[in-house]
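Trainee: What follows is the residue order along each chain.
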Amino acid sequence: MAGPTTRSGTTAPTRRTLLKAATASVIAAPLPLRFARAAEGEVVYATWGGSWADAMRKAWFEPFTQQTGIKVRTIDGPDYGKIRAMVKASNTEWDVAEVNPDFQWIGPREGLVEKLDFSVIPTDQLIKGENLLTDYSLPEAFWSRVIAYNTKKFPGDNHPHNFAEFWDTAKFPGKRVIYSKANGGALEAALLADGVAADKLYPLDVDRALKKLDKIKDNVLWYETNAQAVQFMQDEQGVLGLVADGRAKFIQDKGAPVAIEYNQSQLTWTSYVVIKGAPNKANAMKLLAFMTSLDGQKAIGMAYTYGLVTPKAYDMLPPGRAEQLSNGPQQQGKTVLMNEKWWGDNLEKTQEKLDAWRLT
Amino acid sequence: MGVSGAALGPRGHEPVSARIDPDRRRLTRVGLLGLPALLFVAIFLLYPLALLIETSFHAKTGAWSLEQYQRIATTPVYGLVLWKTAWVAGLVTLIDFAVGYPFAVALTRARGWWRLVLLAAVLMPFWTNLLVRTYGWIVVLHPSGLLNTLLLRLGLISEPIELVQNTPGVLIGMTQIMLPYMVLPIAAQIEKMDLRLLQAARSLGASAPRTFWHVYFPLTLPGVFAGALVTLVLSLGFFVIPALLGGRRDVLIAQLIDFNLTKVLNWELAAALGTILLVVTMGLFLAAQRWFRLDSLWTEAR
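Chains A and B, in that order, are what the protein sequence lines are.
The C-terminal position of the first sequence is numbered 364 in this note's numbering, with every residue numbered one higher than the one before it.
The C-terminal position of the second sequence is numbered 327 in this note's numbering, with every residue numbered one higher than the one before it.
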């Protein structure tokens with residue numbers, strides 16, 4: 005919208021530029037209203053919602069508003085398509101979005117995100133690790149995909165302890181519940197089952213992984229949504245699963261006979277990005293700093309079971325709490341970190357291969 | 026309508042063009058009445074469709090290109106998915122015809138309460154939320170679900186049969202929701218039928234099956250074709266049902282479009298897949314119009 009006015013200085017105003025300026029001023033008319041709102045202080049936060057959003061409200065948004073006077077408004081569904089649509093239409097309505105880590109690379113490539121202001125957001129306490137922090141993104145929380153198993157079918161220690169055993173349909177008969185998107189861990193699991201070392205996984209040998217998947221192809225229930233994974237494990241259609249740890253715990257809480265094996269758990273994370281043209285960019289940076297501070301991390305560690313992004317905050321939790329969280333002490337030394345940069349670059353081609361494999 | 030004065034001249038003196046004027050007036054009036062609808066269609070359908078098609082002819086860089094179509098033609102997955110989609114849609118249409126035709130006949134024969142009950146039965150799926158209905162199917166169909174439990178108790182099967190998380194599951198879910206689109210046009214066609222034709226056939230000595238196949242069935246064909254076309258076309262675009270009720274072999278075109286739109290942001294490829302779907306649909310519609318005289322459904326037989 006600023007285009008015509010910045011250009012008009014270089015040439016004498018023609019009918020067209022005048023028209024453009026007029027149009028711009030008409031379109032810009034609601035702007036003072038928007039500025040008024042911004043001055044009052046607001047951040048629009050796009051979230052996956054549900055119980056996670058409730059926890060964030062309690063641990064982060066309400067204390068943040070008390071401290072700064074800046075209100076946080078949440079919107080459900082940080083869909084990449086919506087982000088692209090609003091940026092393309094120069095009509096950005098969200099400030100912060102929580103996204104999967106592949107968006108750390110998809111976002112900048114498509115020009116959909118702002119650079120973060122690290123003069124406002126301290127990063128010295130943040131967990132160190134490749135790809136966790138970029139110019140455009142900040143890690144929000146850790147979670148992992150774990151082996152979940154039915155304790156009625158596989159009682160005591162008689163359950164798969166790794167993906168090689170997960171693949172053993174003779175010893176552990178029954179359906180395996182696996183996510184249908186290529187970056188849902190199936191290929192990493194297949195390669196680990198096939199004997200590839202955890203630090204040699206990437207770049208993924210997709211063809212080798214698909215060959216390994218052939219071995220269990222009639223024993224997989226593919227899930228498209230987490231709710232479906234919960235359903236499969238809960239009604240015991242699936243006896244084994246590669247599912248999000250939070251969902252596995254949720255199934256346990258519902259009283260279903262399900263337990264978690266943390267060995268070879270696939271560790272990944274979610275990220276914050278600030279959307280290009282965010283109306284409350286400065287407030288957004290302040291909120292990001294608040295959420296990733298030690299106090300913010302401790303608070304969310306009490307309110308939810310995602311993994312914290314500042315290792316020190318685990319020590320600030322009351323005894324026993326840290327073990328409840330993703331990437332807590334119970335999981336140390338047992339995780340395989342997903343290479344989300346590889347996925348940001350290769351998801352499209354790999355999904356094509358996985359879908360073709362499914363259909364043949 | 027300002028030209029209507031010209032049409033009021035004395036009989037016999039009008040030129041040929043003036044004689045067709047009543048028709049033209051009717052057209053103008055119809056045009057005016059249809060104007061809001063036309064505008065609506067132009068703004069909310071034609072314009073986005075034009076954008077869609079235009080997008081499909083761009084490379085990721087924004088330049089004009091046939092890249093997306095080349096990729097679809099040369100990467101195996103797209104052919105496989107398109108074939109699978111057509112196959113599922115075709116099968117849904119066939120099953121709905123097999124189930125829906127007798128049902129439509131029953132519906133038109135039924136009177137009073139029965140008619141209401143049958144109509145409610147076929148429209149019921151429309152009154153339930155899509156997700157609730159789909160998860161409902163899982164509850165009914167899964168290995169220890171209602172249906173398997175019932176069949177096991179009755180001793181009809183000795184082991185649970187797999188009815189969901191596979192193609193049969195998708196077919197069951199889609200057939201149910203598409204059934205009204207098949208039943209209602211056929212029933213409407215039957216209602217329009219001149220029953221004296223059947224009496225005439227019988228009185229001329231035709232047996233009941235012969236009367237059915239040579240008189241009754243052909244008269245219902247426009248309804249059958251209309252129902253089949255709508256069922257087929259709508260079945261090509263299903264997303265939620267195959268995603269939730271399908272298994273390994275159930276990847277349909279709508280799932281690929283969604284993936285490209287929302288997961289990897291390749292809108293150009295998604296647009297190309299959408300355009301292909303659109304062209305197939307238009308092709309089916311034109312073929313139906315040409316060969317099966319679809320328009321006879323809403324015009325009186327001449």
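Please note that the accuracy of each hint is not assured.
To be verified - Here chain B is said to cover these stretches of chain A; the calculated rule only asks that three of the stretch's residues, wherever they fall, bring their Cβ under 8 Å from a Cβ of chain B:
| # | stretch |
| --- | --- |
| 1 | 78-86 |
| 2 | 194-204 |
| 3 | 223-232 |
| 4 | 350-358 |
Bear in mind the hints are in silico, worked out from the structure with no lab data behind them.
Every residue, glycine too, gets a C-beta built ideally from N, C-alpha and C.
Trainee: For every hint, state whether the structure bears it out.
Mentor: Structure-based check of all given hints:
Proximity of the stretch 78-86 of chain A to chain B, defined as three or more residues with a beta carbon under 8 Å from a beta carbon of that chain, is established by the 3 residues found. With a cut-off of 8 Å between beta carbons, the stretch 194-204 of chain A has 0 residues touching chain B; three or more are needed, and the interface restraint is violated. With 6 residues bearing a CB less than 8 Å from a CB of chain B, the stretch 223-232 of chain A meets the requirement of three and the coverage assertion stands. Taking a C-beta to C-beta cut-off of 8 Å, the stretch 350-358 of chain A contributes 5 residues in contact with chain B, enough for the three needed, and the coverage statement holds.
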